[in-house]
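Chains as they are written, first to last, in this note's numbering: chain A, 1 to 340; chain B, 1001 to 1417; chain C, 2001 to 2194.
I should point out that these hints are in silico values taken from the structure, not numbers from a laboratory. Mixed in with the good hints there might be a few duds.
Some chain A residues close to chain B (C-beta under 7 Å, calculated; not the full set) [to be verified]:
| no. | residue |
| --- | --- |
| 1 | Pro93 |
| 2 | Phe141 |
| 3 | Gln170 |
| 4 | Ser173 |
| 5 | Arg235 |
Result set (DSS-like, lysine-lysine): computed pairs, CA atoms no more than 25 Å apart in a straight line [what the hints assert, rightly or not]:
| no. | chain 1 | residue 1 | chain 2 | residue 2 |
| --- | --- | --- | --- | --- |
| 6 | B | Lys1357 | C | Lys2099 |
| 7 | B | Lys1358 | C | Lys2158 |
| 8 | B | Lys1003 | C | Lys2158 |
| 9 | C | Lys2158 | B | Lys1357 |
| 10 | A | Lys117 | B | Lys1043 |
| 11 | A | Lys119 | B | Lys1358 |
Here are the simulated distance ranges between beta carbons [unchecked claim]:
| no. | chain 1 | residue 1 | chain 2 | residue 2 | range |
| --- | --- | --- | --- | --- | --- |
| 12 | A | Pro86 | B | Asp1198 | 37 to 45 Å |
| 13 | C | Ser2054 | B | Arg1281 | 12 to 20 Å |
| 14 | A | Glu149 | B | Arg1281 | 44 to 52 Å |
| 15 | B | Glu1040 | A | Leu121 | 22 to 30 Å |
| 16 | A | Gly188 | B | Ala1374 | 41 to 49 Å |
| 17 | C | Ser2054 | A | Tyr85 | 41 to 49 Å |
| 18 | B | Ala1402 | A | Gly307 | 20 to 28 Å |
| 19 | C | Lys2163 | A | Ile204 | 26 to 34 Å |
| 20 | A | Leu121 | B | Arg1281 | 32 to 40 Å |
| 21 | C | Glu2161 | B | Gln1195 | 19 to 27 Å |
| 22 | A | Ala320 | B | Leu1406 | 53 to 61 Å |
| 23 | B | Arg1194 | C | Gly2149 | 26 to 34 Å |
| 24 | C | Glu2028 | B | Leu1406 | 28 to 36 Å |
C-beta atoms are modelled at their ideal positions from N, C-alpha and C, and glycine is treated no differently.
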Amino acid sequence: MPLQVIKFYQTGTFTVGNRLLSADDRSVQANTQRTNSLNSGHRACQGCGEALGARYAIDAAMNATDRQLIAANATGCLEVFSTPYPETSWQIPWIHSLFGNAAAVATGIAAAVKVKKQKGLIGDVRVVAQGGDGGTTDIGFGCLSGMFERNDDVLYICYDNEAYMNTGVQRSSATPPAARTATTMPVGAHPGNVFGQGKFVPAIAMAHEIPYVATATVADLHDLEYKVTKAMTMRGARYIHILVPCPLGWGYPSNDTIRLARLAKETGLFPVFEAEYDQITSTLPIRRRMPVEEYLKPQKRFAHLFGKKPDVGTIARIQAHADKNIRKYGLLQEEFSQHG
Amino acid sequence: MLKQTEGSHAVAEAVALCRPEVICAYPISPQTHIVEGIGEMVKSGQLTNCEFINVESEFAAMSVAIGASAAGVRAYTATASQGLLYMVEAIYNASGLGLPIVMTVANRAIGAPINIWNDHSDSLSQRDCGWIQLFAETNQEALDLHIQAFKLAEELSLPVMVCMDGFILTHAYERVDMPSQEQVDSFLPPYEPRQVLDTTDPVSIGAMVGPEAFMEVRYLAHAKQMQALERIPQLAKEFNTIFGRDTGGLVHTYKSEDAETIVVAMGSVLGTIKDTIDEMRTSGVKIGVLGITSYRPFPLEEVRQALQNAKRVVVLEKSMAVGIGGILSTDVRLALSSERLNGYTVVAGLGGRAITKKSLHELFSQANRDELPALTFLDLDWNMVNKHLERERTVRRSGPAAENILRDVGVIASKIS
Amino acid sequence: MFQVRIHGRGGQGVVTAAEMLSIAAFEEGSYAQAFPSFGSERTGAPVVSFCRISNQEIRLREPIMEPDAIIIQDPTLLNQVDVFSGLKKNGFILINTNKSFTELGLEDFVREWQKDRLCSVSATELSLKHVGRPVPNVPLLGGFAAISGVIQLASVVKAIEDKFSGKVAQGNIAAATEAFNIVSIQMQTGLEHA
């Protein structure tokens, strides 16, 4: 759904209550009409942001396409926990090929579907590709760019938990500065991931001038559903990048996934926006701006920044990055910045 | 219909006759003309109901083919050398998943040092990936094998590589008999997938398989190759019935029935070998040829039968098992493990070095006198090699090896071959 | 089997020449094999192409070491490349030049071969005249038909129509025909062609 201005929300978490939304927009977990694209029984960790994001995203896609949907999945957490041989939790036709080729496999499926449709064998079947940050921003980057460049009719969804989680939390090009991972340990002169590296793929996607690019988090599931639904009304290459916190990799209690996703947005560290053909068309503004410490402190992967002698310099640098995002993406709208 | 055309174009036309539905390829010498040919046919509308995708790498090419094949359409790609290596992960994925993709490999050497000319190191490097590998001797056989390949692949649910010598076949103009669409349609039915991504009947393809089932799943790959051993000769017969030509099959023999010496080889060099054999036969030498068409599955029994009555076997191959000798030789040896005869390995033509009738005459004569060493590098310039080895022995900073040897060779442009 | 070797530089249509020669032979019901000495595409670099013609299937795949005829599209190669290497004693030489063999400095060199099998024709000029481009390969094929008699001019014309169309085809046919006539006269009169 597009942004609604609602001035009342729950204290503590600052979430908007279901009761304040119109009936159509309320979340109903136990609706028998839910497609449950990612069915229960999968082996994800308790509190997995990716499982939540994937289910909502693909449910929305299934609804938008009347269940005429095929998915190509990169190697990673989602692929592994959703298909523990001999079981599968997917309700749609689904293929896992390799780590770095989900976008290319999706291109192939889209081409096949186009030919079959031309021959009158099938109706309007759509294609989704999905992968984690590793499979998208690093090893899958070449194929992703190729798919964008050709404007193939594929929606690529990246579930970003900011590291190679499936293999034991190693650093990816989506890992934020200062974060601890198994390959960026909090030791030495520059503990954690180094500054000055990393890439923000949504911006790179925009540079390809594809029809639709959006970012989202699992803290605003309606927004996520809205964006996926909107993307499925379009043709050509589309990209949605979802921040999905990982309790194990980030080091926080499993019931804090949604809260941390919200904090990532409210600090400005993760900008939530939509873009079409290289132009930003909307942002989800910060409701109540938070300093980055509120977000970093609850996560063990940033624990080395705190303690008896907090690393104020590094925290300031992270804050500067958040400030830059806020300026660049226009994340503050005046009426929201007043709440305290 | 008889045509005088370039090998690449003949293959492009043959592939087009097979009604492919998704074609995706990345350009690499010497495959470029094949893909350009098909691309033009799609763009002009001559080839209908076919998507032609310009991919950004060979890895993407095989991946796109995987997606398309899994979604239930006939998929094709082509590559060579470095490109084949770049898609290796996906090649194993395609055969592991049992997707009937057909791919042309325009055989070319693998660098370093970079070399665009012909030898068999590329497809042979993938001999255990589970793909069927067929080697064409002529451009006629190349185009015929592609037609057979689609049928074989789809029947067995196994991908097939059709190997043809880069430049020597791909860029040679020669006479071919191009089949008609009716002939191909009567031989090759529409693709009926064993597994397909179908919204009316969803399946999950590509699950992780652990120790509890992996061996069984992998054994199926072996079993399919065994099935292929039976099916390939049958297909060749069926092909002959419709097209009137004896192409394909597992092996071809030439004047080998009474031969005391038999030369074994694959690909276009068989032509030069046959000319040499004919000349030697006029002098009364009992020499013959065994051409291997199906390299994978390797026809152990057929090879044994063809060679068992000879006194000696010379395996002439455009490939090398580094530190050991020959790759094809090793497979032939396995076929002959119950026989007693003299075996000679000849590594020849690496990186496109011409294999001449003159050299073959000398080589085969030496073999007939049993004067060949077990391993020969045909026409190797020992002077150059020894000069370089000496250089390395005396100077630590001896410089890049390839460039040093090139300097000793002199200006290449002034050479004819 | 008749073996032809064509020398030239990248961009002069050396490869196309061999291909067209093979098409001409095919049109007469012969088997023909044409292939280049392969290399990375580079304009101006020396290029060699080969064509074999036979009334039997051609199985041989080696480069042509002992040609029955040599066509030289670019005389500047004479000092760079051993273009005559392996030419048979009764072999044919056809050079693209408006100079005589003597003027090219080949007088002593060509003593080894039969004078009446050595011809020259200013193919580049003919091509400029009839087609408007300095590509000598097609007229040289017309000249080759005249010097060797291995293929007919009519077959060369068919090969031209196969490769080209419209005005370009017509121009090439005219150039090839004129080259054929020039070389035919050289062959008949036995005059100073070498």
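For each hint, the structure was consulted:
Annotation: interface hint on A/Pro93 holds; nearest CB of chain B at approximately 4 Å, less than 7 Å. Of the supplied interface hints, the one on A/Phe141 is violated, with its beta-carbon coming no nearer than about 11 Å to a beta-carbon of chain B, more than 7 Å. Against a cut-off of 7 Å between C-beta atoms, the interface hint on A/Gln170 is violated, since the closest Cβ of chain B lies about 19 Å away. At a threshold of 7 Å, the smallest CB-CB gap from A/Ser173 to chain B is about 19 Å, leaving the interface hint violated.
Residue-level restraint check for A/Arg235 is violated (minimum Cβ-Cβ distance to chain B is 15 Å; threshold 7 Å). For the hint pairing B/Lys1357 with C/Lys2099, the CA-to-CA distance comes to about 37 Å; that exceeds 25 Å, so the pair is violated. For the proposed pair B/Lys1358 and C/Lys2158, the alpha carbon gap of about 36 Å is over 25 Å, so the pair is violated. Restraint check for B/Lys1003 and C/Lys2158: the C-alpha separation of about 13 Å stays at or below 25 Å, so the hint holds.
A C-alpha spacing of about 33 Å is found between C/Lys2158 and B/Lys1357, which places the hinted pair above 25 Å, so the restraint is violated. Pair hint A/Lys117 plus B/Lys1043 holds up; C-alpha atoms about 19 Å apart against a cutoff of 25 Å. Straight-line distance between C-alpha atoms of A/Lys119 and B/Lys1358 comes to about 56 Å, which puts the hinted pair past the 25 Å bound. Look at A/Pro86 against B/Asp1198: about 20 Å separates their beta carbons, and that is not inside 37 to 45 Å.
Distance hint check: the CB atoms of C/Ser2054 and B/Arg1281 are about 19 Å apart, consistent with the given range 12 to 20 Å. For the pair A/Glu149 and B/Arg1281, the beta carbons lie near 58 Å from each other, so the given range of 44 to 52 Å is not met. For the pair B/Glu1040 and A/Leu121, the supplied restraint of 22 to 30 Å holds, since their beta-carbon distance comes to about 26 Å. Range check, A/Gly188 to B/Ala1374: Cβ separation about 57 Å, and the 41 to 49 Å hint is violated.
For C/Ser2054 and A/Tyr85, the hinted distance range of 41 to 49 Å is not satisfied, since their beta carbons lie about 60 Å from each other. One distance hint, 20 to 28 Å for the beta-carbon pair B/Ala1402 and A/Gly307, is violated here, with the actual separation near 57 Å. At roughly 46 Å, the beta-carbon separation of C/Lys2163 and A/Ile204 lies outside the given 26 to 34 Å, and the hint is violated. For A/Leu121 paired with B/Arg1281, a C-beta distance near 57 Å fails the hint of 32 to 40 Å.
Roughly 50 Å separates the CB atoms of C/Glu2161 and B/Gln1195, a value that falls outside the hinted 19 to 27 Å. Between A/Ala320 and B/Leu1406 the Cβ separation comes to about 54 Å, which falls inside the hinted range of 53 to 61 Å. Under the hint 26 to 34 Å, the C-beta atoms of B/Arg1194 and C/Gly2149, about 60 Å apart, miss the expected range. A hinted range of 28 to 36 Å is violated for the C-beta pair C/Glu2028 and B/Leu1406, which are about 43 Å apart.
This entry does not satisfy hints 2, 3, 4, 5, 6, 7, 9, 11, 12, 14, 16, 17, 18, 19, 20, 21, 23, 24, going by the numbered hints stated previously.
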